[in-house]
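Spelled out, the chains give:
Protein chains: 6
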Amino acid sequence: MPVVKIEMWEGRTKEQKAELARVITEALVRIAKTSPEHVHIIFEDVKKENWAIGGVLSSDL
Amino acid sequence: MPVVKIEMWEGRTKEQKAELARVITEALVRIAKTSPEHVHIIFEDVKKENWAIGGVLSSDL
Amino acid sequence: MPVVKIEMWEGRTKEQKAELARVITEALVRIAKTSPEHVHIIFEDVKKENWAIGGVLSSDL
Amino acid sequence: MPVVKIEMWEGRTKEQKAELARVITEALVRIAKTSPEHVHIIFEDVKKENWAIGGVLSSDL
Amino acid sequence: MPVVKIEMWEGRTKEQKAELARVITEALVRIAKTSPEHVHIIFEDVKKENWAIGGVLSSDL
Amino acid sequence: MPVVKIEMWEGRTKEQKAELARVITEALVRIAKTSPEHVHIIFEDVKKENWAIGGVLSSDL
Numbered sequence: 000m001p002v003v004k005i006e007m008w009e010g011r012t013k014e015q016k017a018e019l020a021r022v023i024t025e026a027l028v029r030i031a032k033t034s035p036e037h038v039h040i041i042f043e044d045v046k047k048e049n050w051a052i053g054g055v056l057s058s059d060l
Numbered sequence: 000m001p002v003v004k005i006e007m008w009e010g011r012t013k014e015q016k017a018e019l020a021r022v023i024t025e026a027l028v029r030i031a032k033t034s035p036e037h038v039h040i041i042f043e044d045v046k047k048e049n050w051a052i053g054g055v056l057s058s059d060l
Numbered sequence: 000m001p002v003v004k005i006e007m008w009e010g011r012t013k014e015q016k017a018e019l020a021r022v023i024t025e026a027l028v029r030i031a032k033t034s035p036e037h038v039h040i041i042f043e044d045v046k047k048e049n050w051a052i053g054g055v056l057s058s059d060l
Numbered sequence: 000m001p002v003v004k005i006e007m008w009e010g011r012t013k014e015q016k017a018e019l020a021r022v023i024t025e026a027l028v029r030i031a032k033t034s035p036e037h038v039h040i041i042f043e044d045v046k047k048e049n050w051a052i053g054g055v056l057s058s059d060l
Numbered sequence: 000m001p002v003v004k005i006e007m008w009e010g011r012t013k014e015q016k017a018e019l020a021r022v023i024t025e026a027l028v029r030i031a032k033t034s035p036e037h038v039h040i041i042f043e044d045v046k047k048e049n050w051a052i053g054g055v056l057s058s059d060l
Numbered sequence: 000m001p002v003v004k005i006e007m008w009e010g011r012t013k014e015q016k017a018e019l020a021r022v023i024t025e026a027l028v029r030i031a032k033t034s035p036e037h038v039h040i041i042f043e044d045v046k047k048e049n050w051a052i053g054g055v056l057s058s059d060l
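If you read the protein sequences in the order shown, they are chains R, P, Y, X, H and U.
Its first residue numbered 0, the first sequence is counted upward by one per residue in numbering that gives the first Met the number 0.
Its first residue numbered 0, the second sequence is counted upward by one per residue in numbering that gives the first Met the number 0.
Its first residue numbered 0, the third sequence is counted upward by one per residue in numbering that gives the first Met the number 0.
Its first residue numbered 0, the fourth sequence is counted upward by one per residue in numbering that gives the first Met the number 0.
Its first residue numbered 0, the fifth sequence is counted upward by one per residue in numbering that gives the first Met the number 0.
Its first residue numbered 0, the sixth sequence is counted upward by one per residue in numbering that gives the first Met the number 0.
One or more of the hints may lead you astray.
Chain copies aren't distinguished; within one or between two, either way the pair holds.
[Unchecked claim] In silico DSS-like links for lysine-lysine, alpha-carbon gap of 27 Å or less:
| no. | residue 1 | residue 2 |
| --- | --- | --- |
| 1 | LYS46 | LYS32 |
| 2 | LYS4 | LYS47 |
| 3 | LYS13 | LYS46 |
| 4 | LYS32 | LYS47 |
If you're looking for bench data, these hints aren't it; they were derived computationally from the structure.
Please construct the entire structure, taking both the sequences and the accompanying hints into account.
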């Protein structure tokens, strides 16, 4: 049943997402006692110009 | 006042979204006693490679 | 696969949520061609003092 | 520590987002007593056909 | 039309939220050219034990 | 920079959350090449009556 939403700057490859999905799902199964088929992980690729830190768009840092 | 966020795999047409919006808004008005102009529904089209189930990206299933 | 998040002012009963869940899931199955067991609907009850419209907390309207 | 997510119709320029980020971060620092480097603001540009109000997609209004 | 979600550690008062809502709505109206009655701001008070930074729950920092 | 939101049924202990936060942050640092202090993980404990699967509230399953 867990739903995990991961927001990151765009640029992560499909291989990185696949490995993250595998490892995070294993952690949820082992630690939170859920079954793997109930774990949904959604990646959201955020453009740097859409993410501000400290009041400045990351594309301007 | 309700805000509804619907995350689905990409591929749903504009017609499908329009019908979903209509039906879900009617349900919220009838069941949750709100007025239609206060119902916001936001669709988010998620690429299959950005959605993992059971630890595997849906694009690899 | 759809994940639906519904944010509403608190106060909706369990019966209202149950009916909303049933109707919205049916709509997603019929219109978006998914199977019911893949539809997750998450309700979030928001206190009026945590929801502002027009710059004013709803608890102050 | 605050994380702010702003969903708007697409079309806002980078300059508008930069100014929003600056002003909202200043408000959070001044009013919520946080330090600027801990404020994350994420913009999400939503297509009008993905945002329904009153049961109608905004692209059809 | 903008929907703003603000996640912060719990502890902010109703007065702080009211001022944040007023200032952020004004910024959205002035900079993003929307009308105030369309601005929704939702605050989410997050317990420190539900927010990890650097791999450590904030309640343990 | 990643922000991770984890929605689960309530009932997970503080110890489980602490271990999940540690393991998921390590995975993000190793696989997504970020630094640990930039990883924010937010847990949201959802009541079973607020989470429907297959059109039925989990509290009624």
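Hint check:
1. LYS46 x LYS32: Answer is between: at 17 Å across copies they meet the 27 Å cutoff, but 34 Å inside does not.
2. LYS4 x LYS47: both (18 Å within a copy, 14 Å between copies)
3. LYS13 x LYS46: both (16 Å within a copy, 11 Å between copies)
4. LYS32 x LYS47: Result: close only across copies, 16 Å inter versus 35 Å intra.
In this structure, none of the earlier numbered hints is contradicted; all agree with it.
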